[in-house]
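These protein sequences, in sequence, are chains B and P.
Under my numbering, the first residue of the first sequence carries the number 1, and numbering increases by one thereafter.
Under my numbering, the first residue of the second sequence carries the number 1, and numbering increases by one thereafter.
Read the hints as simulated data drawn from the structure, not as lab findings.
Each residue gets a CB set at the ideal place from its N, CA and C atoms; glycine is no exception.
Accuracy of the hints is not assured; some may be wrong.
Stated by the list, open to error - Okay, the calculated bits of chain B under chain P, using three or more residues with CB under 8 Å as the criterion:
#: 1; region: 92-106
#: 2; region: 207-220
#: 3; region: 246-258
Said to hold, decoys possible - Reference listing, derived: stretches of chain P covered by chain B, where coverage requires no fewer than 3 residues with Cβ under 8 Å from a Cβ of chain B:
#: 4; region: 83-97
#: 5; region: 262-268
Number of protein chains: 2
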Amino acid sequence: MLGTILYGARDVRCEEVPEPKILKPTDAIIRLSASCICGSDLWPFRGENDTPEPKAMGHEYCGIVEAVGKAVTTVRPGQFVVGSFCLSDNTCPHCRFGFQSSCEQREFMTGAQAPLARVPLADGTLVATSELPPEDLIPSLLATSDVLGTGWYAADAARVRPGSTVVVVGDGAVGLMGVLAAKQMEAGRIIIMSRHKTRQDLALEYGATDIVAERGEAGIARIRELTANVGADSVLECVGTKESMAQALAVARPGSTIGYVGVPHGVEFDGQQLFFSQKGLMGGPAPVRRFLPHLMDLVLDRKINPGKVFDLELPLLDVAEGYRAMDERRAIKVLLRV
Amino acid sequence: MLGTILYGARDVRCEEVPEPKILKPTDAIIRLSASCICGSDLWPFRGENDTPEPKAMGHEYCGIVEAVGKAVTTVRPGQFVVGSFCLSDNTCPHCRFGFQSSCEQREFMTGAQAPLARVPLADGTLVATSELPPEDLIPSLLATSDVLGTGWYAADAARVRPGSTVVVVGDGAVGLMGVLAAKQMEAGRIIIMSRHKTRQDLALEYGATDIVAERGEAGIARIRELTANVGADSVLECVGTKESMAQALAVARPGSTIGYVGVPHGVEFDGQQLFFSQKGLMGGPAPVRRFLPHLMDLVLDRKINPGKVFDLELPLLDVAEGYRAMDERRAIKVLLRV
Numbered sequence: 001m002l003g004t005i006l007y008g009a010r011d012v013r014c015e016e017v018p019e020p021k022i023l024k025p026t027d028a029i030i031r032l033s034a035s036c037i038c039g040s041d042l043w044p045f046r047g048e049n050d051t052p053e054p055k056a057m058g059h060e061y062c063g064i065v066e067a068v069g070k071a072v073t074t075v076r077p078g079q080f081v082v083g084s085f086c087l088s089d090n091t092c093p094h095c096r097f098g099f100q101s102s103c104e105q106r107e108f109m110t111g112a113q114a115p116l117a118r119v120p121l122a123d124g125t126l127v128a129t130s131e132l133p134p135e136d137l138i139p140s141l142l143a144t145s146d147v148l149g150t151g152w153y154a155a156d157a158a159r160v161r162p163g164s165t166v167v168v169v170g171d172g173a174v175g176l177m178g179v180l181a182a183k184q185m186e187a188g189r190i191i192i193m194s195r196h197k198t199r200q201d202l203a204l205e206y207g208a209t210d211i212v213a214e215r216g217e218a219g220i221a222r223i224r225e226l227t228a229n230v231g232a233d234s235v236l237e238c239v240g241t242k243e244s245m246a247q248a249l250a251v252a253r254p255g256s257t258i259g260y261v262g263v264p265h266g267v268e269f270d271g272q273q274l275f276f277s278q279k280g281l282m283g284g285p286a287p288v289r290r291f292l293p294h295l296m297d298l299v300l301d302r303k304i305n306p307g308k309v310f311d312l313e314l315p316l317l318d319v320a321e322g323y324r325a326m327d328e329r330r331a332i333k334v335l336l337r338v
Numbered sequence: 001m002l003g004t005i006l007y008g009a010r011d012v013r014c015e016e017v018p019e020p021k022i023l024k025p026t027d028a029i030i031r032l033s034a035s036c037i038c039g040s041d042l043w044p045f046r047g048e049n050d051t052p053e054p055k056a057m058g059h060e061y062c063g064i065v066e067a068v069g070k071a072v073t074t075v076r077p078g079q080f081v082v083g084s085f086c087l088s089d090n091t092c093p094h095c096r097f098g099f100q101s102s103c104e105q106r107e108f109m110t111g112a113q114a115p116l117a118r119v120p121l122a123d124g125t126l127v128a129t130s131e132l133p134p135e136d137l138i139p140s141l142l143a144t145s146d147v148l149g150t151g152w153y154a155a156d157a158a159r160v161r162p163g164s165t166v167v168v169v170g171d172g173a174v175g176l177m178g179v180l181a182a183k184q185m186e187a188g189r190i191i192i193m194s195r196h197k198t199r200q201d202l203a204l205e206y207g208a209t210d211i212v213a214e215r216g217e218a219g220i221a222r223i224r225e226l227t228a229n230v231g232a233d234s235v236l237e238c239v240g241t242k243e244s245m246a247q248a249l250a251v252a253r254p255g256s257t258i259g260y261v262g263v264p265h266g267v268e269f270d271g272q273q274l275f276f277s278q279k280g281l282m283g284g285p286a287p288v289r290r291f292l293p294h295l296m297d298l299v300l301d302r303k304i305n306p307g308k309v310f311d312l313e314l315p316l317l318d319v320a321e322g323y324r325a326m327d328e329r330r331a332i333k334v335l336l337r338v
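In isolation and in its complexed conformation, chain B is listed as follows (with noise of 0.2 Å):
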């Protein structure tokens, strides 16, 4: 079959891969109903995290189970089901805390940038939905897989209670999925930080109420001056930057807590800087697996549409125009038929 495969910087490849195999009892393969290009993806791509050998990109999926190992139970080939990109036992004390994403038994999901894909702990990590969705929801359920799941977690880390006034700093699918979260959690207020016209509306769409489109100095004064100089009462850290960071910190107002999604890059913290500010910080790779069945019945029952995120579609074959397309912000997010 076709996979993706990362090389190095700049160097990803749609090629011929082996079909992946049940390799232990409690895996899973599933037929991806679709794919799509993370974020975070990008990361190894652009050369800001290294790739020392050859990597099977790809951690988004939902799709058709076509085989199960011999310990899986709660699925069965010809379900439909999401899984997150965490793969978790959800059966140990952290599953059980929430925290899926530290599962004690934690793998991170690969290779899905493919037709086929290998789900270890299938148990724990998928969740089947009780018939076969809908042809026109595969890109909602898709987005429930991480994007979804992530800004979902963004808001809850950074406790998004109805009324509250909520930053999101960072306009990437992440981002728009934050506000979309914000939105269902009735914030009362929700400010994105965004420059790009396409992902302004999109924002707006999904419940933003203000957009900032300044930056630094200029962007903390607008935000500032919307909150009658108080800041926020949830910041969602959507990119991951030493600049985002120093953003969100600025507009998170004294007591507020700020939910960092974005994979900290040159990130760090003054003990006593962020002591005498009292701003809290919740985040990590998110426990999606906590909020998956929630986030699936959203979409079956049409309440949320959070696909709209993807704005460009290409055939698996062209996957690394979609890296490029996302890298040069010429994309929001890019699904990938397989």
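With chain B fixed as given, assemble chain P onto it according to the hints.
The following block gives chain P in isolation, referenced to the frame of chain B:
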């Protein structure tokens, strides 16, 4: 009158100082029922914070209102009051958000190691009792002003819940108050890291269920053992050094929050480490004013006895000996008769 002035490292003196006066219409002057020395006073005493000019020491206080400025409406001469070490107007957006320690008008109390003290922002800061409290409750009421309020905030910030497993790092007065707070919040298990018999005993009296005398790797291993390799749901970091924060991070489970109230000295957090370990952080100077009415009620109803944390009582004239006794850990906390 006599007052306490710090001139520099190891040089604290009780000497003749002018009596405080009403300087602003929002001030009150109180006659202290007792005063005390705070663990945080030891930072400048030890020379770990600079003392560029002589400083009037003391920020924990309770006593009888002697005089009030013209704008003060909520307290009147003759009333018994307690106030927070953070002075706040209790009306600004940060105060209303429960973070009076980040009040727009925030000042830090000084000069309370003396018989009389000026309390700015009296209306927002002071809480009066309905009648004069019995003498034996003075130490406990004094404790609510900072040390108890700070331990309480550590537990609140760390999100202690009924049934939680809590680790308290630090067996100073604040750590011991953290134990008391966690017990009041119905934690299921309260593990304190302590190597000192008298502090261990008091911790047990306040509700600790386990004592860990080991430190560093051995301490971490012991807590992992006690928590079935899971770690704590909530960690109260009540010291502020690099080592104590490392200890706190190492024993916190993924998804837990570290409430940190020791002023960080030399503490830095690596964004990526914090991210992948999924430890939450919330700290800062305690918004004692938020908790003060509740804590005073608990004392007045004799439900808690935080005053036991004072294990040495000295006349104000011997304040320097008090600093030395706390510095050398001969005393947990020193009460000053003023």
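Each hint tested on the structure:
Residue count for the region 92-106 of chain B with a Cβ under 8 Å from a Cβ of chain P: 7. That meets the three needed, and the coverage hint holds. Using a Cβ-Cβ cut-off of 8 Å, 0 residues of the region 207-220 of chain B lie near chain P, which falls short of the minimum of three, so the contact claim is violated. Against chain P, the region 246-258 of chain B contributes 4 residues with a C-beta closer than 8 Å to a partner C-beta. That satisfies the three-residue criterion, and the hint holds. Counting residues of the region 83-97 of chain P whose C-beta sits closer than 8 Å to any C-beta of chain B gives 3, which meets the bar of three, so the coverage hint holds.
Remark: the region 262-268 of chain P is confirmed as covered by chain B, as 6 of its residues place a Cβ nearer than 8 Å to a Cβ of that chain, reaching the required three.
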